[in-house]
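Taken in sequence, the protein lines are chains W and C.
Numbers in the numbering used here are just positions in the first sequence, counted from 1, shifted up by 3.
Numbers in the numbering used here are just positions in the second sequence, counted from 1, shifted up by 3.
Hint data in this document are derived by calculation from the structure and do not stem from the laboratory.
All copies of an identical chain are treated as equivalent in the list; a pair is satisfied when it fits inside any one copy or across any two copies.
DSBU-like cross-link-like pairs, simulated, lysine-lysine; straight-line CA separation at most 35 Å: (1) Lys23 x Lys136; (2) Lys266 x Lys238; (3) Lys64 x Lys259; (4) Lys64 x Lys136; (5) Lys62 x Lys259; (6) Lys266 x Lys190; (7) Lys64 x Lys266; (8) Lys259 x Lys190; (9) Lys267 x Lys190; (10) Lys136 x Lys62; (11) Lys136 x Lys259; (12) Lys149 x Lys194; (13) Lys62 x Lys23.
In this text, all values refer to a predicted model and were calculated from it rather than measured experimentally.
2 protein chains.
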Amino acid sequence: MKIGVFDSGVGGITVLAELKQRLSSVNYVYLGDTANLPYGSKSPAQIETLSIRCAQMLKQKEVDALIVACNTASSLALSAIQTVMAPIPVFGVVDPGVQAALGALNLISLQVDPVPILVLATRATIQSQAYGKSLRNTFENGNTFKNRNIEVFEQACPLLVPLIEEGWIQHPVLDQVIQEYVRPYLKEFKKGVALLGCTHYPWIHDSFQAALPGWQVVNSAWAVAQALERSEFFKTAQKPDEANVGRVEWMFTDPKALPEFAKKFIQNRNARDSILIQPVLNA
Amino acid sequence: MKIGVFDSGVGGITVLAELKQRLSSVNYVYLGDTANLPYGSKSPAQIETLSIRCAQMLKQKEVDALIVACNTASSLALSAIQTVMAPIPVFGVVDPGVQAALGALNLISLQVDPVPILVLATRATIQSQAYGKSLRNTFENGNTFKNRNIEVFEQACPLLVPLIEEGWIQHPVLDQVIQEYVRPYLKEFKKGVALLGCTHYPWIHDSFQAALPGWQVVNSAWAVAQALERSEFFKTAQKPDEANVGRVEWMFTDPKALPEFAKKFIQNRNARDSILIQPVLNA
Numbered sequence: 004m005k006i007g008v009f010d011s012g013v014g015g016i017t018v019l020a021e022l023k024q025r026l027s028s029v030n031y032v033y034l035g036d037t038a039n040l041p042y043g044s045k046s047p048a049q050i051e052t053l054s055i056r057c058a059q060m061l062k063q064k065e066v067d068a069l070i071v072a073c074n075t076a077s078s079l080a081l082s083a084i085q086t087v088m089a090p091i092p093v094f095g096v097v098d099p100g101v102q103a104a105l106g107a108l109n110l111i112s113l114q115v116d117p118v119p120i121l122v123l124a125t126r127a128t129i130q131s132q133a134y135g136k137s138l139r140n141t142f143e144n145g146n147t148f149k150n151r152n153i154e155v156f157e158q159a160c161p162l163l164v165p166l167i168e169e170g171w172i173q174h175p176v177l178d179q180v181i182q183e184y185v186r187p188y189l190k191e192f193k194k195g196v197a198l199l200g201c202t203h204y205p206w207i208h209d210s211f212q213a214a215l216p217g218w219q220v221v222n223s224a225w226a227v228a229q230a231l232e233r234s235e236f237f238k239t240a241q242k243p244d245e246a247n248v249g250r251v252e253w254m255f256t257d258p259k260a261l262p263e264f265a266k267k268f269i270q271n272r273n274a275r276d277s278i279l280i281q282p283v284l285n286a
Numbered sequence: 004m005k006i007g008v009f010d011s012g013v014g015g016i017t018v019l020a021e022l023k024q025r026l027s028s029v030n031y032v033y034l035g036d037t038a039n040l041p042y043g044s045k046s047p048a049q050i051e052t053l054s055i056r057c058a059q060m061l062k063q064k065e066v067d068a069l070i071v072a073c074n075t076a077s078s079l080a081l082s083a084i085q086t087v088m089a090p091i092p093v094f095g096v097v098d099p100g101v102q103a104a105l106g107a108l109n110l111i112s113l114q115v116d117p118v119p120i121l122v123l124a125t126r127a128t129i130q131s132q133a134y135g136k137s138l139r140n141t142f143e144n145g146n147t148f149k150n151r152n153i154e155v156f157e158q159a160c161p162l163l164v165p166l167i168e169e170g171w172i173q174h175p176v177l178d179q180v181i182q183e184y185v186r187p188y189l190k191e192f193k194k195g196v197a198l199l200g201c202t203h204y205p206w207i208h209d210s211f212q213a214a215l216p217g218w219q220v221v222n223s224a225w226a227v228a229q230a231l232e233r234s235e236f237f238k239t240a241q242k243p244d245e246a247n248v249g250r251v252e253w254m255f256t257d258p259k260a261l262p263e264f265a266k267k268f269i270q271n272r273n274a275r276d277s278i279l280i281q282p283v284l285n286a
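Build the full structure now, drawing on both the sequences and the hints.
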């Protein structure tokens, strides 16, 4: 079995890492559209055009399923990607993230009413309102939340991806910037659920948790790996031989545009990985 | 007369503002390649491809001269742009910035020897070494610096553009980030010349000056406007009628991808400007 992971850049590596941990019996193709990153600052029309082009590349690679790790593409171009890939199943990160956030309600005392659910993501993801809409729909149509109320907040955190890509992960500036973003919510609510809706944020999950003591912090990168593992598709699909699994084929639309920290991550790979960095430059 | 200003995004607005101040007797066409920003994270090959496409758009607009406001394009694609535009004159920002930095040597006491010249720019500009090479060449071939020595340093400041675009211009985090970048040089040298080699940096010129007390801070956005004003081309070119000048035609490859702060700038325009925001989406 070969699973495709698509991201606008390198953030999807967090999703791939989680997938490999949970689903070691499959091979992976990772496609990062580094020639066009970041999607977060582009318009919906252009995000759809670029996502379709990437889906076509992955279809040619004959993947058995596709994970859209990019939150922006999941929010704005999922159905366009599904049309290209059909009948191959496509998993976005938004719905699994929403399931994880609502699942975390069980960990919050019934005395907290309503429970604040704070979505933290890039500006494009927040502006798409994909998480907010999915949270409200799923909550209203679910049977398990009868005795709860939620209040959804969405906060764009556009400075975090640059800080992470620069490697300022242990830097006091990172904590200050996170505090600036969460302060208004923390002031109003002592407990709640924070949903990290950006592939880069698992790298700073602990910093979010430190900035939001008393809150449950969940992230959609981990959630989508869990969703795939539990899916009917995965349970019934044929797995490859043990000797031939766990490989990652790396594709970047502009391999020269890889951030330094991502190169290190790819080089520190599992010895079993067979790595092919493949330029697919858009003319 | 119609002057084209090309930038990867909106930073070139600082160059346009300076041009309009100095050269009010001309019309302008501004082209921001917002569909593909930022150039700073792309590979040299892709930067050249994108720059050529933009030069072709501006040639069709029949500009009389072109300012390449984008430092990344000036550093990596100037000759490709010149080939497309010939015989129309093309001005990059690197050489004017270098002239301004070397000119500032006169303001530094002879007791400072060598004089440190610190180039501050995005990662792509620094990696191109365009400023460093031009500084050393111009210095070695100049006659006016015989009694001086210089030492060139280049520092990438990749977090500053995101902070500026987010409007964190008066924020303590901005000052902290600048201090982090300049600290090693300030520790070694009490006086020197700092050359701001990024179109966004004029917006935070004062913060750089505050972080580098005793240093001369020059920026290439202002320098290129001065270079055009002093050029043979400008002195001999025919000027338009007074009634018909100072207009700016705005073009963006993706007008929906404009940062909020840039929209505000364009809306707070001089009443004489005739503004046309023109979508030129790349398919």
